[in-house]
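Participant: Generate the whole structure from the sequences, applying the supplied hints.
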Amino acid sequence: MTGPLGGSAQALDVITIGRASVDLYGQQIGSRLEDVTSFAKSVGGCPANIAIGTARLGLRSALLTRVGNEHFGRFLREQLAREGVNLDGLKTDSERLTALAILSVESDKSFPLLFYRENCADMALEEGDIDPAFIAKARAVVVTGTHFARPKPEAAQRKAMKLMRENGGKVVLDIDYRPNLWGLAGHDAGDNRYIASQTVSERMKTVLPGCDLIIGTEEEVLIASGESELLQALRTIRSLTPATIVLKRGPMGCIVYEGAIPDDLEDGIVGKGFPIEVYNVLGAGDAFMSGFLRGWLGGESLQTAATWANACGAFAVSRLLCSPESPTFEELQYFLKNGSPHRALRKDEAINHIHWATTRQSDIPSLMALACDHRIQLEELAAKFGADPARIRDFKVLAVKAAARVADGRPGYGMLLDEKHGREAMFEFARHPFAWLGRPVELPGSRPLRFETSQDIGSLLPEWPVDHCIKALCFYHPDDSEELKQAQQEKLRGLFEAARKVGRELLIEIIASKNGPLGPDTIARALEEIYALGIKPDWWKLEPQSSPAAWAAIEKTIAKHDPWCRGVLLLGLDAPAEELEAGFAATAGTPIVKGFAVGRTIFMAAAEGWLAGKLDDEAAIADMAKRFEALTGLWLATRGRKAA
Numbered sequence: 017m018t019g020p021l022g023g024s025a026q027a028l029d030v031i032t033i034g035r036a037s038v039d040l041y042g043q044q045i046g047s048r049l050e051d052v053t054s055f056a057k058s059v060g061g062c063p064a065n066i067a068i069g070t071a072r073l074g075l076r077s078a079l080l081t082r083v084g085n086e087h088f089g090r091f092l093r094e095q096l097a098r099e100g101v102n103l104d105g106l107k108t109d110s111e112r113l114t115a116l117a118i119l120s121v122e123s124d125k126s127f128p129l130l131f132y133r134e135n136c137a138d139m140a141l142e143e144g145d146i147d148p149a150f151i152a153k154a155r156a157v158v159v160t161g162t163h164f165a166r167p168k169p170e171a172a173q174r175k176a177m178k179l180m181r182e183n184g185g186k187v188v189l190d191i192d193y194r195p196n197l198w199g200l201a202g203h204d205a206g207d208n209r210y211i212a213s214q215t216v217s218e219r220m221k222t223v224l225p226g227c228d229l230i231i232g233t234e235e236e237v238l239i240a241s242g243e244s245e246l247l248q249a250l251r252t253i254r255s256l257t258p259a260t261i262v263l264k265r266g267p268m269g270c271i272v273y274e275g276a277i278p279d280d281l282e283d284g285i286v287g288k289g290f291p292i293e294v295y296n297v298l299g300a301g302d303a304f305m306s307g308f309l310r311g312w313l314g315g316e317s318l319q320t321a322a323t324w325a326n327a328c329g330a331f332a333v334s335r336l337l338c339s340p341e342s343p344t345f346e347e348l349q350y351f352l353k354n355g356s357p358h359r360a361l362r363k364d365e366a367i368n369h370i371h372w373a374t375t376r377q378s379d380i381p382s383l384m385a386l387a388c389d390h391r392i393q394l395e396e397l398a399a400k401f402g403a404d405p406a407r408i409r410d411f412k413v414l415a416v417k418a419a420a421r422v423a424d425g426r427p428g429y430g431m432l433l434d435e436k437h438g439r440e441a442m443f444e445f446a447r448h449p450f451a452w453l454g455r456p457v458e459l460p461g462s463r464p465l466r467f468e469t470s471q472d473i474g475s476l477l478p479e480w481p482v483d484h485c486i487k488a489l490c491f492y493h494p495d496d497s498e499e500l501k502q503a504q505q506e507k508l509r510g511l512f513e514a515a516r517k518v519g520r521e522l523l524i525e526i527i528a529s530k531n532g533p534l535g536p537d538t539i540a541r542a543l544e545e546i547y548a549l550g551i552k553p554d555w556w557k558l559e560p561q562s563s564p565a566a567w568a569a570i571e572k573t574i575a576k577h578d579p580w581c582r583g584v585l586l587l588g589l590d591a592p593a594e595e596l597e598a599g600f601a602a603t604a605g606t607p608i609v610k611g612f613a614v615g616r617t618i619f620m621a622a623a624e625g626w627l628a629g630k631l632d633d634e635a636a637i638a639d640m641a642k643r644f645e646a647l648t649g650l651w652l653a654t655r656g657r658k659a660a
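By my numbering, the letter at position 91 of the sequence shown is numbered 107, and the numbering carries on one by one without gaps.
Worth double-checking, as some hints may not be accurate.
[Unchecked claim] Label pairs and their calculated CB-CB ranges:
(1) T469 to I45: 51 to 59 Å
(2) A565 to R447: 42 to 50 Å
(3) G184 to A646: 34 to 42 Å
(4) R376 to E182: 18 to 26 Å
(5) P579 to R219: 44 to 52 Å
(6) G184 to L352: 28 to 36 Å
(7) A565 to H87: 51 to 59 Å
(8) D472 to E293: 53 to 61 Å
(9) R509 to R447: 30 to 38 Å
[To be verified] Straight-line Cα separation of at most 30 Å, DSSO-like style, residue types lysine-lysine; simulated pairs:
(10) K221 to K153
(11) K153 to K168
(12) K175 to K153
(13) K168 to K221
(14) K400 to K642
(15) K107 to K125
(16) K363 to K168
(17) K353 to K517
(18) K501 to K400
(19) K125 to K178
FYI, nobody ran anything at the bench for these hints, they're computed from the structure.
Glycine included, each C-beta is placed from N, C-alpha and C at the ideal position.
Facilitator: In structure tokens:
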């Protein structure tokens, strides 16, 4: 078969059809579902998970199903889009709610699961939702067992299968057997994987002849065939279809069968297994399917496809959620090449970093940020003019309006805002389509670094929106005493671990010039020491450097330790615009410098006038907007670009 990223007339590699739900997975591991107090939310449902998993592996995927016209339906739509899944086949059902799946990890063998799927949106899929022109865009469709349980979605899947076969494409079946979704078990038996049923078997046996690839566990092979013994089950399936059959065997890997089923089941094509610690089995099969499809549709050998599938399944079973845990192609290839010293892959920092960095929710190739997270400076200014300190929060709202006026909905604009005086400003910020928001956690001026609120920073971060970036300013010089450096390093390491634990990006701001000379290697040495601790921030915020050699050393250090780093932002330190322009120009040949986050140069004059009662709101906004616009113009000019 032709490769997935070109060489094919079709616009899509694969369309997955069927379940799309919101997963709510308990975060208290080892708890009964009755005792869980908080949940992690993600995209769920076998076809939705496969659509995301294949997209992460480089296939052009689409999901064909229905979601509700409500908040969870919009969440699924938005998250799938962020993952790169084509949404042309995703219908909005205004009469039904999006399905839910709620799970706890009670032990490594017990995963209580509740499905909220009564008259849900995806089970209302019908033949009219299957557009022949859309099916014709793909090389393959994936149909799933659950959607053969009800007449309308069954008819929809059979229509898609027929159209795909007529177009010369491939039909893939994920048996995906959930007994209680066939009405064979009670609501509290969502984790039951097998109940024999002649009704289910007879229906599934009518599906098998139209398939080119069939994937299932031992229990799923039994239900699809109606047999009670594995060898005979495989032979029954083979009697009905020439399809490639993939038997999933968990940590033992999988076996692929083409042609006749051998007497010894081990005589099939065996994919390498990856024995790992089981954390949550839910979603492992969807990741497995994603890996197999990446190889199968990509023209790899069946053995390679099976090995990739097993590796992807190993990632999923070692982590809590479903779709968020599917590996990217970079992550998969790293694991296949290097392996892991950990049976619990979620504890492998190298792999986790690749996963984190290659699944970021947005690409920010350039960033121009108005920094208005200052606290001490504005408090001193308010005191100077006898203004009520409470007015600082109102001024920060004006700063957001000024930045929004300049950004005007264009990409690449952001802000820095603080919790102490900027809470209302954050609410205003959320009303505008900015690309990025950073929030400081440091106690202003602290050295060694201290956090402004609780020193248990990890307990506070879950309250933040997921797209808010943590920012920590550290007055760090590589020639500091070892005692001081150790105190700062411990704080930064704890912050980094907390950021990764709760899934928030981290920006570390380093200012060295206030506590020692700034030579051509000073900042590079500081970064080297921080990287040596295993700290890999998403962003760095650094002061302008005195020479091209300094920037070359910084860029080399970042590339050596973290090629996935988002980049460097330049800080302002209240420098006049002409100095900032020179600093911008000095980094024109340094691609790792992606933008700036400047504050006082932009807002200080307006703050003085407004707090002194000499400027009204509009005048303050206009002044800040004018200065921010001018600074963005200078930045773009040094990059040979103009404002869009």
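Participant: State for each hint whether it applies.
Facilitator: Against the structure, the hints come out as follows:
no., hint, in the structure
1, T469 to I45: 51 to 59 Å, "violated (28 Å)"
2, A565 to R447: 42 to 50 Å, "holds (44 Å)"
3, G184 to A646: 34 to 42 Å, "violated (59 Å)"
4, R376 to E182: 18 to 26 Å, "violated (40 Å)"
5, P579 to R219: 44 to 52 Å, "holds (50 Å)"
6, G184 to L352: 28 to 36 Å, "holds (32 Å)"
7, A565 to H87: 51 to 59 Å, "holds (52 Å)"
8, D472 to E293: 53 to 61 Å, "violated (28 Å)"
9, R509 to R447: 30 to 38 Å, "holds (36 Å)"
10, K221 to K153, "holds (28 Å)"
11, K153 to K168, "holds (23 Å)"
12, K175 to K153, "holds (15 Å)"
13, K168 to K221, "holds (18 Å)"
14, K400 to K642, "holds (25 Å)"
15, K107 to K125, "violated (36 Å)"
16, K363 to K168, "violated (44 Å)"
17, K353 to K517, "holds (26 Å)"
18, K501 to K400, "violated (35 Å)"
19, K125 to K178, "violated (39 Å)"
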